[in-house]
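**Student:** The chain contents come next:
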Amino acid sequence: MRLRTAIVAASLGLAAGWPLQAHHSFAAEFDGSKAIRITGALTKIEWTNPHSYFYLDVKDESGAIVKWACEAGAPGALSRRGFKKGDLKLGDTLVVDGYLAKDGSHLMDARRVTLPDGRIVSGASAGDGGPGATGQ
Amino acid sequence: MTAHARRHIGTASVSLVILLGSAAVRAQGDNGLTAPDVKSSVPAPRAADGHPDLSGYWKGTTDTKPGGNIGKDLPGFKLPLTPAGEAALQHNLTATIDPESLCIIGGIPRHNASGLPFEVLQGAKKVAFLYWYSYFRLIPIDPKRTHSDDPDPSFFGEEIGHWEGDTLVIDSIGFKDEKVWIDENANPHSDALHVVERWTRPDAAHIHVETLIEDAKFYTRPITYSRTWVAGNADEELHEYSCSENNVDQAHLGFGPGPIRPDGTRGYLDPAPLPPLPKPVK
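Chains as they are written, first to last, in our numbering: chain A, 1 to 136; chain B, 1 to 282.
Since the hints were derived computationally from the structure, they do not count as laboratory data.
Incorrect hints may appear among the rest.
Straight-line alpha carbon distances no greater than 30 Å define the calculated DSSO-like cross-link-like pairs of lysine-lysine that follow [said to hold, decoys possible]:
(1) B/72 with A/102
(2) B/72 with B/179
(3) A/44 with A/102
(4) B/217 with B/176
(5) B/179 with A/102
(6) B/125 with B/144
(7) B/125 with A/34
(8) A/85 with A/34
(9) A/85 with B/279
(10) B/279 with A/44
(11) B/279 with A/34
(12) B/65 with A/102
(13) A/89 with B/279
(14) B/279 with A/102
(15) A/34 with A/59
(16) B/179 with B/78
(17) A/67 with B/279
(18) B/125 with B/78
(19) B/72 with A/59
(20) A/102 with A/84
(21) B/78 with B/126
(22) B/144 with B/65
(23) A/34 with A/102
(24) B/217 with A/102
(25) A/84 with B/125
Stretch-level coverage of chain A by chain B, calculated; a stretch enters the list once three of its residues show a Cβ under 8 Å from a Cβ in chain B [claimed, not checked]:
(26) 32 to 41
(27) 46 to 56
(28) 69 to 75
(29) 87 to 101
(30) 104 to 114
Here the structure is a predicted model, which means the values were calculated and not measured.
Note that beta-carbon positions come from the ideal geometry of N, C-alpha and C, so glycine has one too.
Chain B extracted, bound-state conformation (with noise of 0.2 Å):
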């Protein structure tokens, strides 16, 4: 190895142990979408009812994996679908795009399975969830209400939300069954969906979901899907998206999301390498 060689790989080591050195300290504070877990023992706030408050700026931890699929907490990120539930899949994949890459509202339980931030303003009667794409959901908290006999079906469904303890637990049916995937993966859910939310503030820097999905016509039995975020920091907020201003892509998008990965992921398993970097300006 020459004398120039040497000090080419040790610039580069040096750059290396600073980039991974500055990530370090950056992690706790950086505006990225997603954010490494952090500890906390600062107990949860309360609002003025007593309730443990949700309220707050939510990023995905980085170790949750594999993000966007709802079967992440089964062995093998198997679902298990019913024939139809084969059948339906098989047609996500085959013969529609993904309804959320053409700006049509993802839905529960979607939005919980999704890498991007969202932000809860919970008030005494009824709790907000606002959505990276300028989607919310407005949900009454009354343990009066139950469900309409027939309700409208919609992206969220028919929500209803009441306190179980520090627990929020949100009641769902009245779901679409077209344009809908109930995760990235392009996996099915049909009109008969039921979903049960069980939403916790652990601590200060946390907001915890444990997730029933319930849907006899497509699964076979029910899934559960949990997951934990962490608090954004003070000078984060969702901003104004509006998804169809220029969705160019839309003409060019395939059926499908594409190849999945052995580890539940989407995307290609050995993408060919970019060319080299150009050379650097003088």
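Here chain A stands alone, though its shape is the one from the complex (with noise of 0.2 Å):
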């Protein structure tokens, strides 16, 4: 678990300083400013192009379900890292890092995803200038 955990903090790290081509800028869609974790059940999972999506349900400081939409990499790069479909089903929870978009909604960039089993997965679009861009 610790080497896993130490390979994913590297990867999203060191490997900075490739950003080259995404769909879109991480920039035009999210604030930098703004680093997030939220936890919660998922509740939908949109495993399309250009972006993948997972849908949790998080319950706010009062108690309230709130709905999250969480934009992660395309199924290509997302697959290319190990993180496939098959990884996710209905209900579990997982954790989310990533960035608030710049609009105010309930939709954050899912920088990195922490599986129910521990895993920790990079759910970044790739090369899209966002923290720890690696371009792949």
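Got two chains here, separate frames each, mind docking them using the hints?
**Tutor:** See below:
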């Protein structure tokens, strides 16, 4: 587990500096100053182009359910990293770290996803110029 | 430092060494979008007609910087904009969403500045360039062919190819002047754009282009853009990519590419760090 965590941490950080092209610029959609973490139950998966989406039900401080959309890379990008659709099932509890949409909606960039088994995967859109972008 | 902390750091160091070592081994064979450059002494293959065969799956090199910037080879990445070009740039930055994110064809020369792999299929009379988002361009190779008087505007332009020795020259006019960015940084081009690409295959592992970009409306002088790609692995090829299948984000995108860093790439210079890694599951 420790090794796995180290690999993910390094792949998200050390390899920065190859930002090339993605479907759109990270900065055109997300606020790089607003990093957040949400934890919630998976209610819907869209394994689609140009991005995959995970929809989570997240409890706010009052206990009310807030629906969040998490934008991730295209299926091809995720599967190249070993993150497959079969890794997710409805009802799973996911921890998603990323950045808020600039327009203030309940949409975030799914930069880093922690799966129920503890595996940590990069959900970033390939080469979007976002934090830790590797171009892959 | 406690013995426990030393053990922790020791474990992390070993992990990092393993990671970096494996990355160095993977570099030649991973299936990423880009790859480290390689050396090759294998000559370029030749087609039946004797010309170099440009066919292959081509990936940008990781040392191509800044990616996505058509001014890559210019001092300070500064493009020689005319006043009309500067106005067009400001329009793109403040009033347009990246056309490519709206699933509009990027066109030429933008695709040559892309970080995404592409595929070339070369025939004797035509050459096809196949792109990541399921776009293509099909270029006639015909030294006798000339441009139309008034070609219908398109994103790739009216393209005509011919061989000059071992160089495939593609000459293009007839471009769109709306819903186009010439690169990822929202730089503009007008309908006066004229592009001359000179493609070569210096050896089996590389394809190279020298691009001349002329646009007297928006640029005071011609721009050149050079780039080399490396061959992908034998098992790599393009796959289906239906760009408008589920383009949820287009309703959330702002105008322009966002901030451009001093190194010529798009993105925040100093983003906030993500939260610490979650505690491991036992």
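**Student:** Hint by hint, say whether it matches the structure.
**Tutor:** Here is how each hint holds up against the structure:
1. Restraint check for residue 72 of chain B and residue 102 of chain A: the C-alpha separation of about 29 Å stays at or below 30 Å, so the hint holds.
2. Distance restraint check for residue 72 of chain B and residue 179 of chain B: the Cα-Cα separation of roughly 22 Å lies within the 30 Å cut-off, and the hinted pair is therefore satisfied.
3. For the suggested pair residue 44 of chain A and residue 102 of chain A, the alpha carbons sit about 23 Å apart, so the restraint of at most 30 Å is met.
4. For a cut-off of 30 Å, the pair hint linking residue 217 of chain B to residue 176 of chain B stands: about 13 Å separates their Cα positions.
5. Distance hint between residue 179 of chain B and residue 102 of chain A is fulfilled; the C-alpha atoms sit about 23 Å from each other, no more than 30 Å.
6. Distance restraint check for residue 125 of chain B and residue 144 of chain B: the Cα-Cα separation of roughly 12 Å lies within the 30 Å cut-off, and the hinted pair is therefore satisfied.
7. Of the pairs offered as hints, the one joining residue 125 of chain B and residue 34 of chain A is violated, with about 53 Å between alpha carbons and a cut-off of 30 Å exceeded.
8. Of the supplied pair hints, the one linking residue 85 of chain A and residue 34 of chain A holds, its CA atoms being roughly 28 Å apart against a limit of 30 Å.
9. As the CA atoms of residue 85 of chain A and residue 279 of chain B are separated by approximately 24 Å, the hinted pair is consistent with the 30 Å bound.
10. For the hint pairing residue 279 of chain B with residue 44 of chain A, the CA-to-CA distance comes to about 25 Å; that is within 30 Å, so the pair holds.
11. Simply put, residue 279 of chain B and residue 34 of chain A have alpha-carbon atoms about 22 Å apart, close enough for the 30 Å limit, and the pair holds.
12. Restraint check for residue 65 of chain B and residue 102 of chain A: satisfied, since their Cα atoms lie roughly 27 Å apart, inside the 30 Å limit.
13. As the CA atoms of residue 89 of chain A and residue 279 of chain B are separated by approximately 22 Å, the hinted pair is consistent with the 30 Å bound.
14. Annotation: proposed proximity of residue 279 of chain B to residue 102 of chain A holds, straight-line Cα distance about 29 Å (limit 30 Å).
15. Distance hint between residue 34 of chain A and residue 59 of chain A is fulfilled; the C-alpha atoms sit about 19 Å from each other, no more than 30 Å.
16. Restraint check for residue 179 of chain B and residue 78 of chain B: the C-alpha separation of about 22 Å stays at or below 30 Å, so the hint holds.
17. Taken as a hint, the residue 67 of chain A and residue 279 of chain B pair is honoured in the structure, with Cα atoms around 24 Å apart against an allowance of 30 Å.
18. For a cut-off of 30 Å, the pair hint linking residue 125 of chain B to residue 78 of chain B is broken: about 38 Å separates their Cα positions.
19. This hinted pair does not check out: residue 72 of chain B and residue 59 of chain A have alpha carbons roughly 47 Å apart, beyond 30 Å.
20. For the proposed pair residue 102 of chain A and residue 84 of chain A, the alpha carbon gap of about 28 Å is at most 30 Å, so the pair holds.
21. Simply put, residue 78 of chain B and residue 126 of chain B have alpha-carbon atoms about 35 Å apart, too far for the 30 Å limit, and the pair is violated.
22. Among the hinted pairs, residue 144 of chain B with residue 65 of chain B is inconsistent with the structure: their alpha-carbon atoms are about 37 Å apart, more than 30 Å.
23. Under the criterion of a C-alpha separation no larger than 30 Å, the hint pairing residue 34 of chain A with residue 102 of chain A is consistent with the structure, at around 9 Å.
24. Only pairs whose Cα atoms come within 30 Å are accepted, and residue 217 of chain B paired with residue 102 of chain A is rejected, the gap being roughly 34 Å.
25. Distance check on the hinted pair: residue 84 of chain A and residue 125 of chain B sit about 41 Å apart at the alpha-carbon level, beyond 30 Å; violated.
26. Counting residues of the region 32 to 41 of chain A whose C-beta sits closer than 8 Å to any C-beta of chain B gives 6, which meets the bar of three, so the coverage hint holds.
27. Restraint check on the region 46 to 56 of chain A versus chain B: 6 residues with Cβ-Cβ distances below 8 Å, three needed, restraint holds.
28. With 3 residues carrying a beta carbon less than 8 Å from a beta carbon of chain B, the region 69 to 75 of chain A meets the three-residue requirement, and the given coverage holds.
29. Residues of the region 87 to 101 of chain A lying with their CB closer than 8 Å to a CB of chain B number 5, which satisfies the three-residue condition for coverage.
30. Counting residues of the region 104 to 114 of chain A whose beta carbon lies closer than 8 Å to any beta carbon of chain B gives 5, which meets the minimum of three for the stated coverage.
Checked against the numbered hints above, the structure breaks hints 7, 18, 19, 21, 22, 24 and 25 and satisfies the rest.
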